[in-house]
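Fit chains B, C and D to the given chain A structure using the hints.
There are 4 protein chains.
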Amino acid sequence: MPKKIKLGILGGGGDSLIGVLHRVAAHINDNYEIVGAVFSPELQESIDFAKEIDIPTNRIYKDFDTLIEEELKLSEDERIQVCSVQTPNFLHFPMAKKLLDNGFHVICEKPMTMNYAEAKELEAAHQKSGKVFALTHTYTGYPMVRQMREMIKAGALGRIHKVDARYYQGWINPIIHDKEKRSSVWRLDPTKAGISSCMGDIGVHAFNLLEYTTGLQVKSLLCDFNYLYEDNQMDVDGTVLVRMDAHVKGVIRSSQVATGEENGLAIAIYGEKGAFRWEQERPNFLYKMSDTEPTQIYKPGHAYNSALSLAGTKLPPGHPEGIFDSMANIYLGAAKAIRGEKYNDGEFPTMTDGVRGMNFIESTVASHKKGNVWITLD
Amino acid sequence: MPKKIKLGILGGGGDSLIGVLHRVAAHINDNYEIVGAVFSPELQESIDFAKEIDIPTNRIYKDFDTLIEEELKLSEDERIQVCSVQTPNFLHFPMAKKLLDNGFHVICEKPMTMNYAEAKELEAAHQKSGKVFALTHTYTGYPMVRQMREMIKAGALGRIHKVDARYYQGWINPIIHDKEKRSSVWRLDPTKAGISSCMGDIGVHAFNLLEYTTGLQVKSLLCDFNYLYEDNQMDVDGTVLVRMDAHVKGVIRSSQVATGEENGLAIAIYGEKGAFRWEQERPNFLYKMSDTEPTQIYKPGHAYNSALSLAGTKLPPGHPEGIFDSMANIYLGAAKAIRGEKYNDGEFPTMTDGVRGMNFIESTVASHKKGNVWITLD
Amino acid sequence: MPKKIKLGILGGGGDSLIGVLHRVAAHINDNYEIVGAVFSPELQESIDFAKEIDIPTNRIYKDFDTLIEEELKLSEDERIQVCSVQTPNFLHFPMAKKLLDNGFHVICEKPMTMNYAEAKELEAAHQKSGKVFALTHTYTGYPMVRQMREMIKAGALGRIHKVDARYYQGWINPIIHDKEKRSSVWRLDPTKAGISSCMGDIGVHAFNLLEYTTGLQVKSLLCDFNYLYEDNQMDVDGTVLVRMDAHVKGVIRSSQVATGEENGLAIAIYGEKGAFRWEQERPNFLYKMSDTEPTQIYKPGHAYNSALSLAGTKLPPGHPEGIFDSMANIYLGAAKAIRGEKYNDGEFPTMTDGVRGMNFIESTVASHKKGNVWITLD
Amino acid sequence: MPKKIKLGILGGGGDSLIGVLHRVAAHINDNYEIVGAVFSPELQESIDFAKEIDIPTNRIYKDFDTLIEEELKLSEDERIQVCSVQTPNFLHFPMAKKLLDNGFHVICEKPMTMNYAEAKELEAAHQKSGKVFALTHTYTGYPMVRQMREMIKAGALGRIHKVDARYYQGWINPIIHDKEKRSSVWRLDPTKAGISSCMGDIGVHAFNLLEYTTGLQVKSLLCDFNYLYEDNQMDVDGTVLVRMDAHVKGVIRSSQVATGEENGLAIAIYGEKGAFRWEQERPNFLYKMSDTEPTQIYKPGHAYNSALSLAGTKLPPGHPEGIFDSMANIYLGAAKAIRGEKYNDGEFPTMTDGVRGMNFIESTVASHKKGNVWITLD
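Chains as they are written, first to last, in numbering that gives the first Met the number 0: chain A, 0 to 377; chain B, 0 to 377; chain C, 0 to 377; chain D, 0 to 377.
Bound conformation, chain A alone (with noise of 0.2 Å):
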């Protein structure tokens, strides 16, 4: 019988999206619960938002040191089995290896490590650890990512030649075009940020989804950066031609000047069978092309998917998992009227939408079995 695993949270605090993400992603499947946390660098603030989101206060702790050091007290019983690293990229590294080296399981958002330097030596902790270790890749988790991948290890594409990647978004826009701005922001500071910002941040999503989906691995590549200004130090535009196997060539397509873009997370794949094409936001819809037939368009939760794609879809059909969010809204506005709370009318159905519901089905009722007559609703 499944039992919650023990989950502690680094980082994710206050106002942070990405906290809401990995929580919200840690409850869905009734697997997780939080015991413990250091959401923010200041103590005060950690509790606050604990209470906030309504967790037990006894196990949040001052830093990240004194976490492992009061966990490992702990019987392995009670003790935080995993914790879900989202603090800065620069911290990414010493946590992940000291919670591997303390016999901690790991979650951990991208990017991994700042260099290949720390990301080889974390693989070398991680060996000897014998623990589990997650990177969240989170574009790898959608069912039709995953039917591509699964179809083309099936052979549905033959021997794959083409290759074609691009995750284009705008949002730098407004930063890159003043100079005072992008001089004085951490993101474009590679002291701060690392050693790229566009590839690092997003490019890698697409080189990901690329070694991912085709099971092949980029050989080598040839990349041209765009600055945009001389006196800005980081790409915000790039593009990298690429080779997987011999005569598998490709291109990745990366950036953040990319003006009206939002997540433009994209992928194509020809083989000398077929192809596929998939947009990240539209993710249930997955196109699977040929030269001789008409093109296919796979969607999430039919029977004709593959276990894994399967395995990632909760609901029938036709709703996009979105629909969880907007059951949630609903749940909301619920929760605010139910504390008494102010909220927006439209924030939740309410008695009068059920009513004037019931109302319109026995007069569709009505209408038709007196023969298609006019009925007056009340």
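It should be emphasised that the hints constitute simulated quantities derived from the structure, not laboratory data. All values derive from a computational prediction rather than experimental measurement. If a hint is listed, it holds; no wrong ones were tucked in.
Restricting the straight-line Cα-Cα distance to at most 30 Å, the calculated cross-link-like pairs of lysine-lysine (DSS-like) are:
#, chain 1, residue 1, chain 2, residue 2
1, D, Lys272, A, Lys191
2, A, Lys178, D, Lys218
3, C, Lys119, D, Lys335
4, C, Lys72, C, Lys97
5, D, Lys368, A, Lys368
6, D, Lys178, C, Lys369
Chains B, C and D in isolation, oriented as in the chain A frame:
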């Protein structure tokens, strides 16, 4: 400071899809904690299910009446505040009524009742109770549906003169075309399922969206059903002519035999100055049309949206809210690994992905800095 | 060996849009040559127009009756074989009838007549004549509409049970909402425009597509119009419940006040085994749906299409047939230049574009061959 | 008053697709009349083809040189003014040059020449001639491509900083993966087809669109080709890094092995203030994006478009220009019937359709007027 609301669950155990949806939704904004339940008519099944989703079993009751009785013995501080009713349709009314009569708030699945008379009776009970009653017309929770409502209220379309909503599904096809199945399934038995199949189950959502978004009421209607077979007693398809205010006419189309359709809920609202189109299967794209200007595509999370819409968005623009589920799938894979259970390759990104990613990023920087030369990855 | 058919034109002069459409269509497959015409009620205007489009003026007649009289004097070899009727609606019937009665073939714009009685009378005349009568329900000429028809005929959908067609436009908005305009425009005057505006002009296309693609006939209907204003006498919006064969029900929706819609003709046909969806504004994409298989996208020109569909495609897959018009625009620009008329920069690609193109191609080869180095273009 | 331009055709006979495209385009705006031609290397074939398309045979010549010689003997009034060169690639240069040298205007298919040296030579000949030279980069004729250009010129995007264009096809797959075929087809023989297959044939269109729309020039490039097999000598896929002005970087992607792609030409232009996206297979939809405003969809024929764009649109908004071809298909069916040739049911709408249509329209009016009752059609 918010404190989690004490939530009771009626129904929704086992493989119930609606159960998953409600539990996840209740978790998402950290507002509810499940403290009591009758998940199933069999006590042992309810208890087993409670263990499966790892919640305390001490307030799992043998039946609904016992739940009411026992909870009322608890102090107000401890007692269930709100019950979520997810039982079969015919139980919605008696449960909701008794809950309200005994001072509980109610979150209720639709259809609210079996008929209009019950609905009116429940409405009276609700008014007397002074409690919150939320009906889960889920689709009104979508940020872009809310945006539509707010913009219409603010006059963006001018006077409305034409409405068109549909909810098309095809799932009943394998049942309805099989004489054996259509005569035995409870769904098509009016004594068990109520007076209407297609209109009661899904057409009412289209009706609800029309009233929700326009702020107008359907005044009268004329309906034609299709039963498809002489021996079938329940509508599986229907079209409804509607009249809202004078000269505001339109149509509601609903079908369970629209082959290949999944959850094809869509709405179009036309007014003097503009129009809206929205589809449930691409919920993040709201089209605002005009006779003279380019069509505009509204998306969630942007500053140009209304407060009501923004309140329903938890992530920056371009992330389909389904990203929660994608991340949840990765947490699920990690949970399996942590518990030492069997999992498939590809269920979560590993250390290897992290190492490859850093190798990639450093290589792109090296390639660019050396003058766009080829770099071999390890 | 084919020889061009001698074509006469009635109406369609000056700025007539329908005139352009018919002339271009007549040219496209090299089958027709215009030998005579009454383009306009004024002889001089007709002659001027003939000169403008550069056709001989010797058989431009002062009126329709003269055309008939004079053409009958010519030998059969020289005589107009077919007349294309593009005059105002009320002239369709008398002209078509007289043409048939005098042994001419007829290509006729819709509406064919002003009312059903005339239609029956014309039908009798047609049967007696033994001549060809073609009505330009243009949309049946699309390759994917024809593909739909052929696949349905071949049983691809099994027994059909649900149909849904619409034609939504918004162009009448600026007229209908203006009291002055709506009371003065001929379009909304039943004595001039016939008994129906919206249904007669566009709803009938949706009706025609339903019958054309399914091979079934509408047996009965129930209709509700919207006139929007008390002082308006013509329908500008309407919904029609239809019944084709027993248990084949559906809906035709039609509007001229669907704000922002342009030529929103669309059709969906649902059957036991599958379904089709098609939209006029994206005419090259035909969606075939199923409850159990991925949706398929059929496109023109592929070997998998029917003979009837392929006969209507002149180019390889992936070229929207609008490519003709794109090429025509370039010929138009060149024509202006050749004649020494004023033209805008960008109206046709020039020598410079050709030189740049070759410079580009050679540079790409050089870059690749030299080991992927940068090459500067001239 | 316009007078048709005398057009000569070189090549384009028999089943040539490009021949159809040019002839139709020349007809569409009533500007050209074909007066002479060498359709094929065999005189009899040329004459037969002239008869097939029903043009006079007296100026069908045995070869190109004879055409020049004979036409020069005619008075300027009668003489061919412009020749359309549709011959195999290697003939473009010598024909275009001789035409210009002898005082003819030229409309020339691409590639303009076999290499850059020829291109420069032709450019010199052109300058000397003072004649019009139009290269048929067809895609620049689309109304929305022209709209893009004009809006960029007017500053709608601000300073451009990123460009991305692609042209993906899959048609060469069945050839390239077959050792026999790839070694024997002329397309992959550099001595016959020129120095580049993929980049020369289609990549250059992407390049041309970038320069056409932005008004900028590609200053330098770096390219990587894929030949896929060791024994293949011609590129079938390639990616090009480009630099336009300083800090304006981008990528051109081109492939003939992008399985399932048809004519996947697409372009994205990103600037400080906005961006454009456009795809050739949906040519009527131009997306204008912004970081802060809803994306806008521009469509042809609207008053908000530029003069250059509107000049390329012949019909009201919402009619894909492919409507010409749809109508042409109906004229084709009627032509078969008029000639007494065999035609399929469904090739053109008949009297029956007209009668049905009037029956439908009258029935809708009757149903509405009688209070929305059912009316049976005949």
